[in-house]
Amino acid sequence: MAPTRTFTDLYVEVQQFYARQMRQLDDRKLEAYAETFTEDAEFGHTPGREPARTRAGIVADLFEFHKKFENDPVQRRHWFNMIDVEPQDDGSIRSTCYALVVTTRPNGTPTIAPSCVVNDILVRGADDELLTKYRRVDHDQLF
Amino acid sequence: MAPTRTFTDLYVEVQQFYARQMRQLDDRKLEAYAETFTEDAEFGHTPGREPARTRAGIVADLFEFHKKFENDPVQRRHWFNMIDVEPQDDGSIRSTCYALVVTTRPNGTPTIAPSCVVNDILVRGADDELLTKYRRVDHDQLF
Amino acid sequence: MAPTRTFTDLYVEVQQFYARQMRQLDDRKLEAYAETFTEDAEFGHTPGREPARTRAGIVADLFEFHKKFENDPVQRRHWFNMIDVEPQDDGSIRSTCYALVVTTRPNGTPTIAPSCVVNDILVRGADDELLTKYRRVDHDQLF
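Residue numbers (my numbering), protein chains in the order written: chain L, 1 to 143; chain C, 1 to 143; chain B, 1 to 143.
Be a bit skeptical, because a hint or two may be false.
Since the list can't tell identical chains apart, any single copy or any two copies may satisfy a pair.
With a Cα cut of at most 25 Å, we get these calculated SDA-like pairs of lysine to any residue [what the hints assert, rightly or not]:
(1) Lys68 x Leu131
(2) Lys67 x Ile121
(3) Lys133 x Pro73
(4) Lys68 x Asp90
(5) Lys29 x Pro87
(6) Lys29 x Asn119
(7) Lys67 x Asp84
(8) Lys67 x Phe143
(9) Lys68 x Val14
(10) Lys29 x Phe143
(11) Lys133 x Glu39
(12) Lys68 x Ala126
(13) Lys67 x His139
(14) Lys29 x Leu142
(15) Lys68 x Glu50
(16) Lys67 x Phe7
(17) Lys67 x Arg94
(18) Lys67 x Glu42
(19) Lys29 x Gln141
(20) Lys133 x Pro87
(21) Lys67 x Ile93
(22) Lys29 x Gln88
(23) Lys67 x Asp127
(24) Lys68 x Asn107
(25) Lys67 x Glu39
(26) Lys29 x Pro114
(27) Lys29 x Glu86
Keep in mind the hints are simulated off the structure, nothing from the lab.
Generate coordinates for the entire structure from the input sequences, incorporating the hints supplied.
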């Protein structure tokens with residue numbers, strides 16, 4: 001319970017949540033990243049690929065997805081910005097933002113692609129923390 | 001009236017305002033975008049081009065500006081960040097930020113240009129909402 | 001003293017602090033930039049280069065570093081985002097964020113590199129303002 005939480009508090013909480021959540025992914029802590037989703041979450045990160053469902057499914061999907069980097073060492077950084085936070089009547093939070101993936105290879109200049117829109121539904125976990133219940137990533141190059 | 005609005009509230013409100021305002025532009029909802037300006041606003045987005053004035057003038061100018069994309073389908077994303085918010089004595093708000101335009105063409109990698117500084121004066125509308133009264137976009141490549 | 005300062009207030013204060021601090025650097029106001037560090041600060045911005053220490057040392061180091069731009073006019077913009085703010089028990093604030101440097105040359109398209117992680121320790125100055133006591137910038141291309 002957080003009876004005094006304002007919209008301002010929530011907006012900042014979402015920013016901090018994204019910073020930590022995506023750092024986990026960029027550090028390849030895939031299980032820790034999956035823990036930021038609800039147990040029954042749905043996560044569609046790549047168009048044409050079936051969304052992953054449940055935490056276990058998300059972890060399995062991410063290990064599969066990251067295999068392509070096994071022989072191609074990269075440091076990725078997910079940038080989320082221009083966040084639009086909309087509290088919903090049912091207590092969930094709709095959060096929509098722009099995203100860019102910054103990918104650096106050893107001694108190389110980063111490539112910045114793709115440009116995406118992240119469509120999230122966030123909810124509260126057992127400790128009142130934010131969790132992602134639904135994420136669909138739309139890619140700008142597919143239009 | 002918002003007697004308890006703090007600087008923190010204002011800063012977050014500006015972030016949310018920019019997220020929604022620029023999404024309207026990126027979605028080519030040009031009239032809706034113009035509605036985020038005051039009726040008497042001045043908006044100079046391109047150096048060497050006369051600033052647009054009044055909402056009607058802004059809409060006309062934007063339709064003219066977007067003609068170049070008619071035969072060149074693009075998805076643009078305006079990223080604003082590094083926001084410096086300065087409440088003024090007259091109740092207006094000076095807001096200065098960095099901007100990048102991310103432009104993606106079908107199946108292509110985005111180009112990220114130009115790099116700009118956005119100089120805004122924001123004021124309150126009839127429903128206490130933020131509106132842009134003045135915007136001048138300075139482009140980094142012109143120096 | 002700010003007895004009612006919340007985590008939300010702090011998070012926004014850090015965002016505003018970075019916006020102004022890095023604008024000083026990008027505007028080549030090197031002494032003003034150094035004033036945003038504590039007198040005894042340590043600042044390591046480039047791997048393999050000895051960190052600068054004390055404000056005077058930071059100014060000297062920055063003038064040295066910027067010499068390379070004397071015959072190469074550039075406008076740089078430092079973008080900080082994905083900020084993770086962690087108040088510490090000793091009153092200091094650990095702040096970690098992603099950074100990109102956007103560099104524009106006259107009439108040119110910006111180059112965006114390097115991608116970095118900024119590791120800061122922030123403390124309060126005499127007027128309760130934030131100051132950087134420690135900054136280490138990790139570069140993604142070095143791995």
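Evaluated hints:
1. Neither within a single protomer nor between protomers do Lys68 and Leu131 lie at most 25 Å apart by alpha-carbon distance, with minima of 27 Å and 42 Å respectively.
2. Proximity of Lys67 and Ile121 under a CA criterion of 25 Å is satisfied in neither setting, with 28 Å inside one chain copy and 36 Å between copies.
3. Taking identical chains as interchangeable, the C-alpha atoms of Lys133 and Pro73 are never at most 25 Å apart, the minima being 30 Å within one chain and 33 Å between chains.
4. Taking the shortest Cα distances, Lys68 and Asp90 never come within 25 Å of each other, neither inside one copy (39 Å) nor across copies (43 Å).
5. For a Cα distance limit of 25 Å, the shortest separation of Lys29 from Pro87 across copies, 23 Å, qualifies, whereas the shortest one inside one copy, 29 Å, does not.
6. Taking identical chains as interchangeable, the C-alpha atoms of Lys29 and Asn119 lie at most 25 Å apart whether they share a chain (22 Å) or sit on different chains (19 Å).
7. For the identical chains of this complex, Lys67 and Asp84 are neighbours neither inside a copy (33 Å) nor across copies (28 Å), given an alpha-carbon limit of 25 Å.
8. Taking the shortest alpha-carbon separations for Lys67 and Phe143, only the inter-copy value of 19 Å comes in at or below 25 Å, while the best intra-copy value is 27 Å.
9. Within a single copy, Lys68 and Val14 get their C-alpha atoms no closer than 30 Å, and across copies no closer than 37 Å, so neither meets the 25 Å cut-off.
10. Taking the closest pair of Cα atoms, Lys29 and Phe143 come within 25 Å of each other only across two copies (17 Å); inside a single copy the shortest separation is 32 Å, beyond that limit.
11. Taking the shortest alpha-carbon separations for Lys133 and Glu39, only the intra-copy value of 8 Å comes in at or below 25 Å, while the best inter-copy value is 41 Å.
12. Proximity of Lys68 to Ala126 under the C-alpha cut-off of 25 Å is found in neither arrangement, the shortest distances being 35 Å within a copy and 52 Å between copies.
13. Taking CA atoms no more than 25 Å apart as the test, Lys67 paired with His139 passes in both settings, with 21 Å inside one copy and 24 Å between copies.
14. In this assembly of identical chains, Lys29 and Leu142 lie within 25 Å of each other by CA distance solely across copies; the values are 20 Å between and 29 Å within a copy.
15. Taking identical chains as interchangeable, the C-alpha atoms of Lys68 and Glu50 lie at most 25 Å apart only when both belong to the same chain, with a minimum of 18 Å there against 36 Å between chains.
16. Neither within a single protomer nor between protomers do Lys67 and Phe7 lie at most 25 Å apart by alpha-carbon distance, with minima of 40 Å and 38 Å respectively.
17. Taking identical chains as interchangeable, the C-alpha atoms of Lys67 and Arg94 are never at most 25 Å apart, the minima being 31 Å within one chain and 33 Å between chains.
18. Proximity of Lys67 and Glu42 under a CA criterion of 25 Å is satisfied intra-copy only: 21 Å inside one chain copy versus 39 Å between copies.
19. Proximity of Lys29 to Gln141 under the C-alpha cut-off of 25 Å is restricted to the inter-copy arrangement: shortest distance 20 Å between copies versus 28 Å within a copy.
20. Proximity of Lys133 and Pro87 under a CA criterion of 25 Å is satisfied intra-copy only: 14 Å inside one chain copy versus 28 Å between copies.
21. Taking CA atoms no more than 25 Å apart as the test, Lys67 paired with Ile93 passes in neither setting, with 32 Å inside one copy and 37 Å between copies.
22. In this assembly of identical chains, Lys29 and Gln88 lie within 25 Å of each other by CA distance solely across copies; the values are 24 Å between and 30 Å within a copy.
23. In this assembly of identical chains, the alpha carbons of Lys67 and Asp127 never lie at most 25 Å apart, being 33 Å within a copy and 51 Å across copies at closest.
24. For a Cα distance limit of 25 Å, the shortest separation of Lys68 from Asn107 qualifies both inside one copy, at 20 Å, and across copies, at 20 Å.
25. Taking the shortest alpha-carbon separations for Lys67 and Glu39, only the intra-copy value of 24 Å comes in at or below 25 Å, while the best inter-copy value is 47 Å.
26. For the homomeric pair Lys29 and Pro114, the shortest alpha-carbon distances inside one copy (22 Å) and between copies (23 Å) are both at most 25 Å.
27. For the homomeric pair Lys29 and Glu86, the shortest alpha-carbon distance between copies (20 Å) is at most 25 Å, but the shortest distance inside one copy (29 Å) is not.
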